[in-house]
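This is what each chain is made of:
2 protein chains.
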Amino acid sequence: MKIKIAQMGLGPIGLATARLAATRSWAEVVAGIDLDPAKAGGDLGVLAGDPALAGRPVFRTLEECWKRRRVDLVLHTAVSRFVDALPALEQCAVRGVSVVSSCEELLFPAWREPRRAASLDRLCRCHGARIVGTGVNPGFVMEVLPLCLTGVCRAVRAIHVQRVVDASTRRGPLQLKIGSGLAPAEFERRFRAGESGHAGLQESLALLAHGLGWELTRVQETGRAVVADRDLQTAHVRVRRGQTCGLHQRAEGRCKGKLRLTLDLKMYLGAPDPHDACQIEGDPPLDLRLEGGVAGDPATVAALVNAAPRPMAAAPGLRLMSELAVPCLA
Amino acid sequence: MKIKIAQMGLGPIGLATARLAATRSWAEVVAGIDLDPAKAGGDLGVLAGDPALAGRPVFRTLEECWKRRRVDLVLHTAVSRFVDALPALEQCAVRGVSVVSSCEELLFPAWREPRRAASLDRLCRCHGARIVGTGVNPGFVMEVLPLCLTGVCRAVRAIHVQRVVDASTRRGPLQLKIGSGLAPAEFERRFRAGESGHAGLQESLALLAHGLGWELTRVQETGRAVVADRDLQTAHVRVRRGQTCGLHQRAEGRCKGKLRLTLDLKMYLGAPDPHDACQIEGDPPLDLRLEGGVAGDPATVAALVNAAPRPMAAAPGLRLMSELAVPCLA
Numbered sequence: 034m035k036i037k038i039a040q041m042g043l044g045p046i047g048l049a050t051a052r053l054a055a056t057r058s059w060a061e062v063v064a065g066i067d068l069d070p071a072k073a074g075g076d077l078g079v080l081a082g083d084p085a086l087a088g089r090p091v092f093r094t095l096e097e098c099w100k101r102r103r104v105d106l107v108l109h110t111a112v113s114r115f116v117d118a119l120p121a122l123e124q125c126a127v128r129g130v131s132v133v134s135s136c137e138e139l140l141f142p143a144w145r146e147p148r149r150a151a152s153l154d155r156l157c158r159c160h161g162a163r164i165v166g167t168g169v170n171p172g173f174v175m176e177v178l179p180l181c182l183t184g185v186c187r188a189v190r191a192i193h194v195q196r197v198v199d200a201s202t203r204r205g206p207l208q209l210k211i212g213s214g215l216a217p218a219e220f221e222r223r224f225r226a227g228e229s230g231h232a233g234l235q236e237s238l239a240l241l242a243h244g245l246g247w248e249l250t251r252v253q254e255t256g257r258a259v260v261a262d263r264d265l266q267t268a269h270v271r272v273r274r275g276q277t278c279g280l281h282q283r284a285e286g287r288c289k290g291k292l293r294l295t296l297d298l299k300m301y302l303g304a305p306d307p308h309d310a311c312q313i314e315g316d317p318p319l320d321l322r323l324e325g326g327v328a329g330d331p332a333t334v335a336a337l338v339n340a341a342p343r344p345m346a347a348a349p350g351l352r353l354m355s356e357l358a359v360p361c362l363a
Numbered sequence: 034m035k036i037k038i039a040q041m042g043l044g045p046i047g048l049a050t051a052r053l054a055a056t057r058s059w060a061e062v063v064a065g066i067d068l069d070p071a072k073a074g075g076d077l078g079v080l081a082g083d084p085a086l087a088g089r090p091v092f093r094t095l096e097e098c099w100k101r102r103r104v105d106l107v108l109h110t111a112v113s114r115f116v117d118a119l120p121a122l123e124q125c126a127v128r129g130v131s132v133v134s135s136c137e138e139l140l141f142p143a144w145r146e147p148r149r150a151a152s153l154d155r156l157c158r159c160h161g162a163r164i165v166g167t168g169v170n171p172g173f174v175m176e177v178l179p180l181c182l183t184g185v186c187r188a189v190r191a192i193h194v195q196r197v198v199d200a201s202t203r204r205g206p207l208q209l210k211i212g213s214g215l216a217p218a219e220f221e222r223r224f225r226a227g228e229s230g231h232a233g234l235q236e237s238l239a240l241l242a243h244g245l246g247w248e249l250t251r252v253q254e255t256g257r258a259v260v261a262d263r264d265l266q267t268a269h270v271r272v273r274r275g276q277t278c279g280l281h282q283r284a285e286g287r288c289k290g291k292l293r294l295t296l297d298l299k300m301y302l303g304a305p306d307p308h309d310a311c312q313i314e315g316d317p318p319l320d321l322r323l324e325g326g327v328a329g330d331p332a333t334v335a336a337l338v339n340a341a342p343r344p345m346a347a348a349p350g351l352r353l354m355s356e357l358a359v360p361c362l363a
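Chains as they are written, first to last, in my numbering: chain A, 34 to 363; chain B, 34 to 363.
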């Protein structure tokens, strides 16, 4: 029995997700869904440039899709905020349709929206749907992988994660999201307003703490512009010397005054020595490094598709990646 | 509701496991079990040198224990071979008692014993027991951690894992198991006879292949003596120049002629630069290194105790680590 999948959100990541899902023997991509009137009514194969998806209709909403196609699972790549995803997630939940989503805040929705998360959880349980947020960051590098490491620790005092990404290797929207080309003060204003920066860092912190059974008593997040020391040009943006070329974002979690978790993200154009690293202060201590890091976009698409069979085997509800079986190629 | 635990196997690892389990709020260590007549009838607290375990009786078998103490889970640290563990595992299964075991072959028992594994699986399902094998190696470094990494890969062509252990930091029995002090030819004879060497390397390979959905068409395992280039002395063994001071063991897995998996283990007295590493040839490629490696004995004990709550939440049967929730500190 193949899992019948609808791809919701047909931007570059969504289309790449649909293409990858179409290669899997356990998956059958049956439809696309996108609110954009220029896409709805079209053919997913044409939009994705993939003959394997030809003949799959594109609907505006799951509601419209549901009248014509039965769906087991929605791959959701549309928004970063949980509240923005909620209407679509509810449409899925009430039909018993499970969701694997790249929505950053969905990694740990109870962090910002405990009531709405609890209510969506009830809806899922009531109708037999599973909803989970995942990806590479958030979703893997800063919490699932460190949690997995703690599986061989007798005790953990603190966890420190660093991620350095050369943003010039990433897609255009990401190069803009990190402030490329803005005056540093303008970037920092937008960061404080929640309009710029990496989404989901606090959710990573919250999932990590939750997995360890730690209650965070203080969480601080900072975001600073990284300033270009020379003119820079990528396929997507031009940055002059003195302008923002990316960000240095950091979240810290304390338990009763003690610093227990630090997540440190440098993502800027031309960042040298890209890598992911994690140090666990514990018994035994662990010191992990992923040389070169986890390449963002192909890995995000992979994380979504690989996670797809996982929630189908889990109990209904709003699920966390830490509750599902070890992620792996599927 | 605490998980009522009996510790079966009261060697150094078993006693350390009982001591660690006794520190967990979700666990209640209710008894020890060991066939050794010098231990049975005694007090687990005295044997373990831990007042927190005082008053817990030590029985010879689970059958004897069962007459006096209800047990939910057995932590089993007794033997390396699945067939040697089978009688005790069956005693657990028929009583609906779950097991987390350090038995190396239990990591993937169907590799050597598909019929006996299927029969134990049926017994577990019939009586509501879950049995799983875990540890650091096998159980984490060479398969669970690499599998977890593949969760962010679109495709995987091959996986290569290396583990370098300075055996002089490990317990005495392990220093002997790797051949310390033997003539190299004698070590290699014992390795071929299955009497020396690291147990479970083929099981790691099998679990890795299973997790990836790969069918191995050829598996080769080799074990060579590492020869001391000077006289060596640890707290447990004395090795003269020219004698065996450890091993270089390697397993390779091929699918239709193509080398897809290599597991390479160097474990010898004074091995320089201890570390664990894993390269995934895939999309994206991944290059992981754990500097210093995962310290064997404390981590093995931690892996067992941390895994304990996992199978309790899984469906009954003979389970694999790759099917359970992401391992983490518990």
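Be aware that one or more of the hints could be misleading.
Note that the list lumps identical chains together, so a pair holds whenever it fits in one copy or between two copies.
No farther apart than 30 Å at their CA atoms in a straight line, the calculated lysine-lysine pairs in the DSSO-like style are these [said to hold, decoys possible]:
1) Lys-100 with Lys-291
2) Lys-100 with Lys-289
3) Lys-37 with Lys-291
4) Lys-35 with Lys-289
5) Lys-37 with Lys-100
What the hints contain is simulated information worked out from the structure, not anything from laboratory work. Keep in mind it's a predicted model, so treat the numbers as computed, not measured.
Inset, instruction - Please write out, lowest number first, the hints stated earlier that are contradicted by the structure. - result: Hints 1, 2 and 3 contradicted; others consistent.
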